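Knowing the structure of chain A, use the given hints to seat chain B on it.
As they're listed, the protein sequences go chains A and B.
Sequential numbering of the first sequence, starting at 1, is according to the working numbering.
Sequential numbering of the second sequence, starting at 1, is according to the working numbering.
No lab work stands behind these hints: they were computed from the structure.
For clarity, every value in this text was computed on a predicted model and none was experimentally measured.
Built from N, CA and C at the ideal position, the CB exists for glycine as well.
Fair warning: there could be bad hints in the mix.
Claimed, not checked - Below are the DMTMM-like pairs computed for lysine to aspartate or glutamate, each with C-alpha atoms no more than 20 Å apart in a straight line:
# : chain 1 : residue 1 : chain 2 : residue 2
1 : B       : Lys36     : A       : Glu69
2 : A       : Lys81     : A       : Glu91
3 : B       : Lys36     : A       : Glu38
As the list claims (entries may be wrong) - Here are some, though not all, of the chain A residues that point toward chain B, as calculated from beta-carbon distances under 8 Å:
# : residue
4 : Gly46
5 : Tyr49
6 : Arg73
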Amino acid sequence: MTRTDLLQGTLDVLILKTLRSAPMHGWGISQRIQQLSEDVLQVNQGSLYPALYRLEGKGWIRSEWGASENNRRARFYELTKKGLRQLAEEEEGWERFAQAVSRVLAAS
Amino acid sequence: MASRILTALRALFRKRDVEGQLDEEVRFHIEMETRKLSARGLPPAEARRQALMAFGGVEKHKEEARDATGARVLETLLQDIRYGARGLRRNPVFTFAAVATLALGIGANAAIFSVVHGVFLQALPYGGGESLVRLRQDAPGINVTDPPFSPVEINDYAGRNRTLTGLAEYHSMWFVLLGKSEPERVQTGVVAANYFDVMGVKPILGRTFRPGEDAPGAEPLLILSHDYWMRSWGGDKGIVGKGLRMNDRVHTVIGVLPPMPAYPDENDVYMPVSACPFRGRPEMYHDRSRRMVQVFGRVKPGVTVAAASADLNSIAQDLAAKEPKFYPEKGTGFALTAVSLRDELTQSARPTFLVLFGIVGLVLLLACANVANLTLARLLRRRRELALRGALGACRLRLARQLVTESTLVALAGGALGVLFAAGGLKLLVAFAARFTPRAREISIDGPVLLFALVVSLATGIAFGLIPAFSARRGLSEALQEGGDRSTGGVVRHRMRSALIVVQVAISFTILIGAGLMIRSLWKLQGVDPGFAIGRVLTTRLDLNFTKYTDPAKRWAFEKQILERLAGQPGVVSAAIAGSFPLNETGPNSGRFEIEGKPVPSDDLRPQAEFQRVSSDYFSTIGVPLVAGRAFTGADTDETPKVAAVSRSLARRFWGAKDPVGERISFDRGKSWITIVGVAGDVRQYGLASAPPDEIYLALPQFPTLSGSLLVRTSGSPLSLTKTVAATVHSIDPDQPVDRFRSLDEARSNALASPRLTATLLSLFAALALAVTCAGLAGVIAFTVGERRQEFGIRMALGAEPRSVLRLVLNQAMKLVLAGLALGLLGAHLLARLMSDLLFEVRATDPPTFLAMSVVLVAVALLASFFPARRATTVDPIATLRST
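So that you can see chain A by itself, here it is in the shape it has in the complex:
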């Protein structure tokens, strides 16, 4: 199985999508993305935390300290209203982009 590195910028939308279902801590987010993409997408751990801080800075997500499943202190991230709107926009944009790429590939 080939693992694909994430395109620049796509990590943001994946994080937002992941957080849509439930608040989650950083490690959880990385596992979830890997899992949902059936291990095709590998989240570079190093870029995950800067991305989280950046998104928080933009006000799309917010964080809170809570207890993890194994009762450890962990920082949980959740989607804000602003983030939800952003996700909708990005999903739509991604859809258009993917379709466009498919069309080009199909044509040749």
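Quick look at chain B alone, frame taken from chain A:
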């Protein structure tokens, strides 16, 4: 944006917190990963190792995460500032030199900007001042410029114009005010009732004049100026309603004005036109030819000064056509212009302060170049440290930012100190500016000036920080690779330092030329023969109270008595009374005359001259030489035939080489004739820079005057006789005010004061510029010598003479100086053209100045480079070879 800054700030203040949270989060992540891997069967240690590897450089990611919070920018800024401040503290010589240089540069700019702002930029201190104008009329065809208006004319202009909302007359006179312990001579503005409304002036106490209070027969009223109220009445709030005796009448004080520019005159009090014994005469109200007042007006909103001038001009043409006998040149009339009050108040200050502003701008540029140079020198010494920091991972941008932060710190410190300098010199500067503009009192170091200083400091800091930072960028990696003393970066920086020296030399030369031209001009002015012997002469105003001395004969009787009593006093060589004296603020009157046997086609074309009424000893008292004929004597009285003396220029203009003694002139179109008995030398009446006017001297007993000056030639110091003179006058008339004691020498140095102060200021700037530049040059040469020590050692080991090594180094210095000189010629040329208005009989391209200043610059620069260059010759060849 705001919320992002807030987040960043919050993140900054919670920095420890954030750091801890980040640590904990990363720890948690790695723990979870380890746990996942162990669950797959890896041994715990291996699982942890793989988890860590998967995460990558922990510190690097933490850094990136921190950057993403935005706290990074502020945090590094504070860190840069702390680091910079520490570096500056550790290097006090550099810091002192840089801060002092910039303090001078920024201080000079803040000081001159305070004038620029106070005088030229800020709103006029009148309500709606921008729409105020002064009306002037001119008849260039017959050589009449800016004569006064008659009240009748003003009524015409006020009633018929379509561009002005108000028009108010004004003139100023000296009156004697009684009621205080000593009689006081007060300058009195005589104005129409609407004057203060037109000018937009509101009183701080009481009220101003109401409509009708200037009508003939109205009660005499008085408004006090702020200065006079403070000076003579101690700011007494109960002054309103008081009656003050002037001109044999009691005037009721109705108000006090706010502080205002001393414009049009430095008036102590104001009265309505009806209260003025001259202006209030009935003929003033209907005789069109009684021209004695000025006019101020306010243009309607949206109307330009040019449009107002055109409107007034068409009225003037119409008046001249209807009343030709009152207007020059048979009906062509006067050309009317509305001059904006802003121009009136500031125009004469403009050339000087424009030049000064340009010069201080250059000084600042020079200071920047110098400090950039110092910084480069420091960088050259710090290159290992910088290289090390680069190797340890500090990015280039960060290092450049560090340099700019440091330079900004230095500039801000310099700016703060500079503002203190400017504040310290403010009083002197205001006194200087007062010679050019009545707005000088509005100059202060206020908000806009501080803002200007701040902006200049920041810009300066960034500018001189970026120059070295730019060179540092290129130098770093190479410095790291070589690690040695002679990195390529060093060469780049050294070249940059040379370029900066060239710029500094160019600026210094430009300022030197400016100063040189001003000094040359001052020399020429000082060398001007004023036409009289300055010596020991005491002058004082002597304005007779006209209500007391109504009869002209009584005036002369009083004045004669003063002269007679003074003649016997010890210390008095001679004494005279004259309408005016040379270089005095108030000049003589000018008028037209007629020469017997030389008729002119029209009255308007009669020749013009200045009339001076003088007592018999006037010429000997102030030392005006007699060229031909005789001076006046005691025998020239009101009972003998009228006599006159003329100035040499007038004699030459109308009689050529012929002696005019015995010729006759007339002031009343031939009704009476006055015989010329003498020719006096030319006198610079209006200042050393203006040509001597044509003058006609009249004998005081035959033409007595009310306002004049008493002149006393003394054997000792003139001012020591002040009390004697006052006592003598008061022994005859205790109510006669005598004031404004000045020596004639003071009048002359006063006439020279503005150019002298300008020259002093420019010389100061030039000396500073030269000193700073030479210090910079010496620094660069010293550094070169240090760098090339080995080379010189080898050269000398191979037989080179110390002298040739010295020449080698000096040649390098001279190359920089000559390049700067060439560049400076360009700047000097531009500056000199800007200065041409300030120069007296010196052309902007004055070759002696350019030559002298080039020599000065090259000589001083040679001297400055000689000492460091000599060190090159002291290199010990053997020691150098050993160390290689």
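Discussion item. Quick check on Gly46/A please, does its C-beta sit within 8 Å of some C-beta on chain B?
Written reply: 4 Å, holds
Discussion item. The hint names Tyr49/A as touching chain B; please verify it with the least Cβ-Cβ distance against 8 Å.
Written reply: 4 Å, holds
Worksheet entry | 20 Å Cα cutoff - pair Lys81/A, Glu91/A | Holds, because 15 Å separates the two Cα atoms, which is no more than 20 Å.
Fill in: Hinted pair Lys36/B and Glu38/A, Cα distance within 20 Å
17 Å, holds
Worksheet item: When the nearest CB of chain B is found for Arg73/A, is that gap smaller than 8 Å?
Response: 7 Å, holds
Fill in: Lys36/B paired with Glu69/A [C-alpha distance capped at 20 Å]
Holds, at about 13 Å.
Checked against the numbered hints listed earlier, the structure breaks none of them; every hint is satisfied.
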